[in-house]
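Protein chains: 2
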Amino acid sequence: MALLVQKYGGTSMGSVERIEHVAGKVALARERGHQIVVVVSAMSGETDRLIKLAKSMQARPNPRELDQMIATGEQISTALLAMALDKRGIQARSYLGSQVAIRTDQAYNKARIRSIDSERLLADCAAGIVPVVAGFQGVDDDGNITTLGRGGSDTTGVALAAALKADECQIYTDVDGVYTTDPRVEPRARRLDRITFEEMLELASLGSKVLQIRSVEFAGKYKVPLRVLSTFTDGPGTLITLEDNISMEEPLISGIAFARDEAQLTVAGVPDRPGIAAAILGPIGDANVEVDMIVQNVGADGTTDFTFTVNRSEHERAVEIANKVAQELKAKGVRSALDIVKVSLVGVGMRSHAGIAAKMFKTLAAEGINIKMISTSEIKISVVIEDKYLELAVRALHNAFELSESKGG
Amino acid sequence: MALLVQKYGGTSMGSVERIEHVAGKVALARERGHQIVVVVSAMSGETDRLIKLAKSMQARPNPRELDQMIATGEQISTALLAMALDKRGIQARSYLGSQVAIRTDQAYNKARIRSIDSERLLADCAAGIVPVVAGFQGVDDDGNITTLGRGGSDTTGVALAAALKADECQIYTDVDGVYTTDPRVEPRARRLDRITFEEMLELASLGSKVLQIRSVEFAGKYKVPLRVLSTFTDGPGTLITLEDNISMEEPLISGIAFARDEAQLTVAGVPDRPGIAAAILGPIGDANVEVDMIVQNVGADGTTDFTFTVNRSEHERAVEIANKVAQELKAKGVRSALDIVKVSLVGVGMRSHAGIAAKMFKTLAAEGINIKMISTSEIKISVVIEDKYLELAVRALHNAFELSESKGG
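So the sequences go chain by chain: A and B. Just so we're aligned, residue 0 is where the first sequence starts under numbering that gives the first Met the number 0, counting upward by one. Just so we're aligned, residue 0 is where the second sequence starts under numbering that gives the first Met the number 0, counting upward by one.
In case anyone wonders, no lab produced these hints; they're calculated from the structure. Note that the coordinates shown come from a computational prediction; the quantities given were computed from them, not determined experimentally. Think of the CB as a built atom: it goes at the ideal place given N, C-alpha and C, for glycine as much as any other residue. Heads up, some of the hints might be wrong.
Over the 10 Å line for every Cβ pair with chain A, so calculated as not near, a few chain B residues [claimed, not checked]:
| # | residue |
| --- | --- |
| 1 | K24 |
| 2 | R31 |
| 3 | A70 |
| 4 | G142 |
| 5 | Y221 |
| 6 | S376 |
With a Cα cut of at most 20 Å, we get these calculated PhoX-like pairs of lysine-lysine [said to hold, decoys possible]:
| # | chain 1 | residue 1 | chain 2 | residue 2 |
| --- | --- | --- | --- | --- |
| 7 | B | K164 | B | K86 |
| 8 | B | K86 | A | K54 |
| 9 | B | K220 | B | K164 |
| 10 | B | K54 | A | K86 |
| 11 | B | K51 | A | K86 |
| 12 | B | K387 | B | K371 |
| 13 | A | K51 | B | K86 |
Using the sequences provided together with the hints, build the complete structure.
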């Protein structure tokens, strides 16, 4: 018998019928002898509806009041799931963040969990009751409702699993696990049985929408075994786990991620002296534009080209600021490109294996793909290439690193 | 400077625009130097929508979960009003029942308020903040959300006014006060400036939908001055007050109420002996059929006719039960009538004045209206008549007791 926290997302809770299906999954897990604590998101579309309603009242809604309002989405879905379980003869009880003391700081709209009172939930489990906890929401020390930001229900699930010392936190979603890459780009993409927290973090930060990045951090920090699996199909999903558990035979590379929504800026011919990076990125950061990759090339004539990428939606604003900075620095000018994508190889295996980067670059060269920018971390190599080569690059790398169904696993 | 509790109903909170209008009314009261605590209902239609959603999940929704769910309606409208006030530069703060400790018993769906923590609200008022409190909801000793039943927001308003020792509890609705009778039946109906709690109770129990009956009881018990007034037009409304405050010149009769949804049953020729009433009404009550008027006539032959009225929707069930009882009692049979209405005169003045009943019966007789049943209380006389005479009876009585605009107050 294991204690499992099961988290169901908005799509899984999208209608009365789907919630009944979720109740069926909970019932099945109980029949297998497990104790279940459920965490749910709002029904799909509900949070957006509430935000829209709030904005029709106040263009920039008061943050406290916005949280008071959007927390109702999860409140409704917890009650509906508790009814669905009740209907099946399973004792269940819905809980709001405040009712199980999910204490957070007071940062409305993006609060962080500080503590959870596990006593009540454990007592329910012991009594055969299924607690259904509202994701995404908490309560501050003054009793104000807070929310955890987009995708915060994943974090609630992991935090509960940590507090309850659960055997596993299962994140049910509309995909059946984490894939070596996006199957829409490479049909031979393979579901991974396991992946490390660090790899998952890199994949999440690279645009894989499977899990909210904070929940992965949280799970890693508290060593909560995390499993991603589908509400709609049966299967083992992908287990996200500590590196120690990965067997030696695991492939070097876990997956290939990509991001289409980047833009590249180059401040050309800036004086090559200390403090240049700060002089350029300071004003960009002050304007709340997030910078992703940063590369600085040493030039021959005492000047250098400073290149970075930003989210495409912030491209115009970034160019504006960069132009101003370029003038002040007496740089040669600012170039920018929108027709770019970032492709990344991720894998803890590359730590202990040389030659991964070389193999990646060789593979791309063989396809005639020019690399415009390179950035590496311990377990990741990212390149920026022209966007028209995206699919070709992903498929070539997927093949070169033997990630496909037929060869891998 | 007065401390006022203002309660706005679902129609008043029916849209973003209407909520902005409510914010305007709150702003105006503040400009006049008053401290305001607001209580709001859910946006009109929202509670019904939620109940329907719950019933689509579970035919008879789990009562705890139903409350957890339908309490969200008020939660949303408090936040929206707080935003609307914020937008006008007025500091405001929404509160759920749990956040201001509106403690109730654990009777889900029909809970009763036990206590309210006024400290936080008074501190807000002192700091110039407008608290916006969710009506209809409370919290039990275990932190479960409870709701007070239909129209419970009125009760929240009155309970808050009592706890805060407010100068007045103002119930804003879509009518501009309490009328001598329904203006759709008698266009010369007049708005009453004042009415006593007892009269209001009788009117409410007789079908006047202006105020929830429990809120009137509550206000009477705690001596909270209660005022009914319109959100949509300006005007003083109707003050519901202790009898002591009514001046000697007040008319004898405050109003004429009527109920169209009654049905009359007669168990004819039952033995005239002790325990008959219980023998007949016991099974009716056991079947949860509510009985309104009861009359028993003494017969000459040692038998009696026993007549009572029930809600028209329960007529069939009542007849069924009455037939069974009649057989057991060896009564002559059961007669029933659906084409009846009840018309009632209400007024504390009738306590100290003889002849009101006689004048009522005389007035009806003059119009050729036959009285089928009579029932009286200290401040009310009700008669049952044929339904086709309803309008005629109301207008004749309204005129006879000089309730019209031109002659009265």
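Status of the hints after comparison with the structure:
1. K24: Correct as stated: the minimum Cβ-Cβ distance to chain A is 16 Å, above 10 Å.
2. R31: Since the minimum Cβ distance to chain A is about 25 Å, R31 (chain B) lies beyond 10 Å and the statement holds.
3. A70: Answer for A70 (chain B): violated, closest chain A Cβ roughly 8 Å.
4. G142: 5 Å, violated
5. Y221: Since the minimum Cβ distance to chain A is about 26 Å, Y221 (chain B) lies beyond 10 Å and the statement holds.
6. S376: 42 Å, holds
7. B:K164 / B:K86: Not satisfied, since the Cα-Cα distance of roughly 29 Å exceeds 20 Å.
8. B:K86 / A:K54: 11 Å, holds
9. B:K220 / B:K164: 13 Å, holds
10. B:K54 / A:K86: Between K54 (chain B) and K86 (chain A) the Cα gap is close to 11 Å, so the pair holds against 20 Å.
11. B:K51 / A:K86: Holds, at roughly 16 Å.
12. B:K387 / B:K371: 13 Å, holds
13. A:K51 / B:K86: At roughly 16 Å apart (the allowed maximum being 20 Å), K86 (chain B) and K51 (chain A) satisfy the hint.
Of the numbered hints listed earlier, those contradicted by the structure are 3, 4, 7.
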